[in-house]
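Asker: Listed below, chain by chain, are the residues.
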Amino acid sequence: MIDFHLDTRSGVSPYLQLVQQVQRALRLGLLSVGDQLPTVKEVVGKLAINPNTVLKAYRELEHLGLVAPRPGLGTFVTRTLTDDSLVAHEPLRQELLAWLARAQQAGLDADSIEALFMTTFRKATEVTQ
Amino acid sequence: MNPVLRTEGLTKRYGSRQALTDVTLTIPAGRVVGLVGPNGAGKSTLLNLAAGMIAPTSGTIQVLGARPAATAAQLARVGFVAQDTPVYAGLSVGDHLRMGARLNPAWDGALAQRRVGEVGLDPAQKAGRLSGGQRAQLALTIAAAKRPELLIFDEPVASLDPLSRRAFLQSLMEFVAELEVSVVLSSHLLGDLERVCDHLVVLTASRVQLAGEVEELLAAHYRLVAARGALDALPPAVRVIHAEHTARQSTLIVHDTAGAVPALVPDAERLDLEDMVLAYLTRAANASVTGNAEQPLEAHR
Chain L
0 MIDFHLDTRS GVSPYLQLVQ QVQRALRLGL LSVGDQLPTV KEVVGKLAIN PNTVLKAYRE
60 LEHLGLVAPR PGLGTFVTRT LTDDSLVAHE PLRQELLAWL ARAQQAGLDA DSIEALFMTT
120 FRKATEVTQ
Chain E
0 MNPVLRTEGL TKRYGSRQAL TDVTLTIPAG RVVGLVGPNG AGKSTLLNLA AGMIAPTSGT
60 IQVLGARPAA TAAQLARVGF VAQDTPVYAG LSVGDHLRMG ARLNPAWDGA LAQRRVGEVG
120 LDPAQKAGRL SGGQRAQLAL TIAAAKRPEL LIFDEPVASL DPLSRRAFLQ SLMEFVAELE
180 VSVVLSSHLL GDLERVCDHL VVLTASRVQL AGEVEELLAA HYRLVAARGA LDALPPAVRV
240 IHAEHTARQS TLIVHDTAGA VPALVPDAER LDLEDMVLAY LTRAANASVT GNAEQPLEAH
300 R
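Residue numbers (numbering that gives the first Met the number 0), protein chains in the order written: chain L, 0 to 128; chain E, 0 to 300.
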């Protein structure tokens, strides 16, 4: 079973962190179809967060078609992300490397590159939420 | 569903001291409400009014649609844990549960037993010999086993070490998930509140400064950084909560009630709960120095 954690300084809202952790586990094959997610009570008992945060994350995952609730039983994984995305990893990595090289040529240091990436990344993911 | 708390012009005076001034609030059911403010702001007064321990000087307060502590039935609907989670030092943990069962019509004995076991309390132990964390867990267990619709805590974790504090909040959130109970708690620990609360009330100098759903409040507050003077003409719907200026730069914390900021300042930064609350507390602290409560102060450097 997946074990959630929370980074309160990341600037990413708690519910989104839970969504991303499930997505990551699905991509890495740590979760597969039929696996159960922890119950809301288990998550809040571990992380000391508001139950509505967990419910919101699970609803979002359901909306994304990754999990489905079974009444009285819990929430279960209905789709993995491994097959379609693992194939895409390598070309994306190459593009990212090329981009990093261009950023360095343009004179950006490591901190500036990270800051540029993170702000762009956050903005882009905010828009899609 | 009735709001858990509704007040109109709620005011409490102790002699000439104004403990609570003209508080008008509506808090919907099913929330975990964080009540924050400096010491002496009126947090305990508001919680004690909600619990029916004291009566208002003027204005009205309704808890779950009725006057606080008006009847025995109303008392049973609210669990109140006062500051420092008081228990009876001479009674054992088991005595506390037996007393809870005697005094509360809807007492959930199975829940209380299970919970005491889960948090590792010895039923034979005298409550006076419990650690602060264990005492808080006992008080929480008793309040929850009453099966109230609303739980009220006055600074439940203030005197606890970080580990006990986390354990208490874990237990509290489990109760919220399991019993679907509404919660109002006061605390100075903004990091904790950021985790557990979905509704916030900021109280300073006996008045409410800010109240609402955490998500909506966070979406309406921004930090604006710009060349000095560039932000002098903000529309009236954008209220400046806090402003700092250097010779060249201005940093403003603003509350945008009309969604005007994104169009004005495309890269405006969002705040976390801690920074948002601190802006209000800073404004209040500055105002109390100058005696001017309305205008945000400018800190010149």
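Calculated from the structure, these hints are not laboratory results. Hints are supplied without guarantee of correctness; some may be wrong.
[To be verified] With a straight-line cut-off of 20 angstroms between C-alpha atoms, the simulated EDC-like cross-links for lysine to aspartate or glutamate are:
#1 K55/L x E212/E
#2 K55/L x E268/E
#3 K122/L x E268/E
#4 K40/L x E268/E
#5 K40/L x D197/E
#6 K45/L x E212/E
#7 K55/L x E177/E
#8 K45/L x E177/E
Asker: Looking back at the hints listed earlier, which ones does the structure fail to meet?
Answerer: Numbers 2, 4, 6, in rising order.
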